[in-house]
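Engineer: Protein sequences appear in the order of chains D and P.
Using the working numbering, you'd call the opening residue of the first sequence number 1 and step up by one each time.
Using the working numbering, you'd call the opening residue of the second sequence number 375 and step up by one each time.
Simulated from the structure, these hints should not be mistaken for lab results.
One or more hints might be untrue.
With a straight-line cut-off of 25 Å between C-alpha atoms, the simulated DSS-like cross-links for lysine-lysine are [said to hold, decoys possible]:
| # | chain 1 | residue 1 | chain 2 | residue 2 |
| --- | --- | --- | --- | --- |
| 1 | P | K454 | P | K477 |
| 2 | D | K131 | D | K101 |
| 3 | P | K431 | P | K488 |
| 4 | P | K507 | P | K432 |
| 5 | D | K133 | D | K103 |
| 6 | D | K114 | P | K564 |
| 7 | D | K190 | P | K507 |
| 8 | D | K131 | P | K488 |
| 9 | D | K114 | P | K477 |
| 10 | P | K488 | D | K139 |
| 11 | P | K507 | D | K340 |
| 12 | P | K507 | P | K477 |
| 13 | P | K477 | D | K133 |
| 14 | P | K454 | P | K475 |
| 15 | P | K432 | P | K564 |
| 16 | P | K432 | D | K114 |
| 17 | P | K507 | D | K80 |
There are 2 protein chains.
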Amino acid sequence: MSKEKLMNVDEFQRQLDQSGFDVVVATSLHNVLYTSGAYIHTQVSIPDRLALTVLPKKGEDALLVCNIEESLSRDESWIKDVRSYVEFAQSPVSLLVEVLKEKGLADGRIGIEKRHLTAIYFEELVEALPKAKIGAGDKVFEHARSIKTPGEIERYREAGLATERAMLEAFQEARPGDTERAVLTAMKDKVALYGATGIDFAILAAGDHSYQAHPTARERPLEPGDLVRVDFGAVWDGYGSDVARMAVVGEPTDAQQDTYRKVWQVQRKAVEFMRPGVRGCDVFECCRQAYADFGIEYFGPHAGHGFGFAGHEVPMLQPFNKEEMRPNMLICIEPVILFKELGGFQVEDLILITEDGSEILTDYADSEELFVIQ
Amino acid sequence: MSKEKLMNVDEFQRQLDQSGFDVVVATSLHNVLYTSGAYIHTQVSIPDRLALTVLPKKGEDALLVCNIEESLSRDESWIKDVRSYVEFAQSPVSLLVEVLKEKGLADGRIGIEKRHLTAIYFEELVEALPKAKIGAGDKVFEHARSIKTPGEIERYREAGLATERAMLEAFQEARPGDTERAVLTAMKDKVALYGATGIDFAILAAGDHSYQAHPTARERPLEPGDLVRVDFGAVWDGYGSDVARMAVVGEPTDAQQDTYRKVWQVQRKAVEFMRPGVRGCDVFECCRQAYADFGIEYFGPHAGHGFGFAGHEVPMLQPFNKEEMRPNMLICIEPVILFKELGGFQVEDLILITEDGSEILTDYADSEELFVIQ
């Protein structure tokens, strides 16, 4: 797809203009992908090997990559000015400094990703550009990315639907005695069949691990009475999903079914509550209050998050976030509760903020009844 | 397994003593796992949600985590002093500062992971501890981790063997017309069957993408004449693999077979060359010279890397690295060459540095003949 389909160019320019920076520099996988179209996954597996986009307020963008990534970058990016450095022979920051000097920006106001760039590279940059005013440009990217384009919404919708379909089918095929890992592997297989290029994360918490937020699935057979909670994210060339679904092995106890129903109802209440103008903290409070009405103490730390490349994005649905929802934001709502004895409960769906409300993009978890593995 | 089986405690203490630091603080997934035994994978997917180990030269270690990860951390870690912070209500760095003050280390020499800690957290720490001497402690971890324990070597050996077995079997079952993605998915399935808990990275470069280092596999059928290069890393609860294997669809051309044979021979020459005392740059030069003898220009950026949690670790086999090999280091050797027309060539194996030489731990790629998919 083209730049305009996958990047909110107008919003980005508006954020950049408002930021006071002359240039912002992206270094994270997500912001480099967003601003260049190039998906350079070694940015995560080999974090020292920086890829950067240099995005001036006025003038041409540049993409800076390790020479080993140059051919892929030229193929994938809409940025025409691709430069490369030889790893170990030259620091990526020194190439960045060269490019900033060439563009006359070396003494200017430079916004970097302070939540991504490491201390070692940050110090190198500050030392090399003593006259520059280097600040945190993270919000320029975060806020631009939070308002999705129609092309992005379509990709995330498809990713979410394929993911929950894979999860549901794996639950349907699961039997008591299957191992935790086997059920999770079945989901991974199915989502790959539906086109996923990778798995971002795959949590299956069952039995005595159910109350842990993020355990690793084990070679342990599922037993009658087990709660099975799956929090799952697959990825399609960078565009991902984040869905949580639950099941129980054999008939649920009253406490299991009753608690699940409450979690489901709290989640739906939050969805109905979300609309433009509502703040992150308001949604958290909506969930806290709804749980309190059920006599359940809700501690957070958050009830959900904006969704995009990075998984947890603005707006966070956390008690201190005053940021308001805006149309075309994507939100994952997931008011998780974890009880040491009873276990952990979680339903997570992808929500689109519309002009006057919200819409659930994922839709298979349409029942208040716990899915029974039998 | 116990701490002593998975952490080189003596080497770590030696490195810490030599470093001049009173305490080192781990923040990366890899160093927290190494020094605590807790595998907190949200450290990667939610990077702002720090987990930290505080490791004083003298005195008790502490593990600091987000409250949502506390139960898992207590279950998995050998560190008894586990503290938690509530995300958004408290910064992880402020909890770190509290703990350092409590231990009387707040004005001391503090080694942090400057190659991991982000600029924003780094500045917060520096501001909160104006009297401390905060430096780069990365090398304490890197060097301790580079000398593997018998327990680690066993885990990586098993991971490597299972990975190459999965790759070979997927090649054996592949047929012309299968898509790139289908072949890669088959490898992922098989490695999950052999116990892998996740996939770290999975590159399949074929046909017109063959010359790219790290493309994403496509829904494109494999065609006669295609070179198929796979660089693959799976993970077993943090302990991973990194193996590369090649195939050709149908009978190879003379140029394909001839070039593959040269790459294979260069790699074997490097393996025979590696032993304690040999430096990273020497191995790179060995590969460069061996390629030059074949009339091939080798540009790097590296011929391989130490292997462990982080994928690319010390010692890097790059032209500027004077670090010497030591017994019980694990090395991935991979002198990759990429030709725009002919395509990319790569074989990667896991090597153990022994007392007087080296041993290939992965061993199925024992033939100079390109594997033929037919």
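Engineer: All the hints need checking, so say for each whether the structure fits it.
Structural biologist: Tested hints:
1. P/K454 to P/K477: Status holds; Cα separation ~15 Å.
2. D/K131 to D/K101: Judged against 25 Å, a Cα distance of about 12 Å means the pair holds.
3. P/K431 to P/K488: Measuring from Cα to Cα gives roughly 19 Å; hence the hint holds.
4. P/K507 to P/K432: Satisfied, since the Cα-Cα distance of roughly 18 Å is no more than 25 Å.
5. D/K133 to D/K103: Given pair D/K133, D/K103 holds - Cα atoms ~16 Å apart, limit 25 Å.
6. D/K114 to P/K564: violated, 40 Å
7. D/K190 to P/K507: At roughly 52 Å apart (the allowed maximum being 25 Å), P/K507 and D/K190 break the hint.
8. D/K131 to P/K488: holds, 23 Å
9. D/K114 to P/K477: violated, 29 Å
10. P/K488 to D/K139: Cα-Cα ~23 Å, so holds.
11. P/K507 to D/K340: Not OK: P/K507 and D/K340 at ~41 Å, beyond 25 Å, violated.
12. P/K507 to P/K477: holds, 16 Å
13. P/K477 to D/K133: With a Cα-Cα distance of about 36 Å, the restraint between P/K477 and D/K133 is violated, given a limit of 25 Å.
14. P/K454 to P/K475: holds, 19 Å
15. P/K432 to P/K564: Cα-Cα ~46 Å, so violated.
16. P/K432 to D/K114: violated, 33 Å
17. P/K507 to D/K80: violated, 44 Å
Violated hints, listed in ascending order, are 6, 7, 9, 11, 13, 15, 16 and 17; each of the other numbered hints is respected by the structure.
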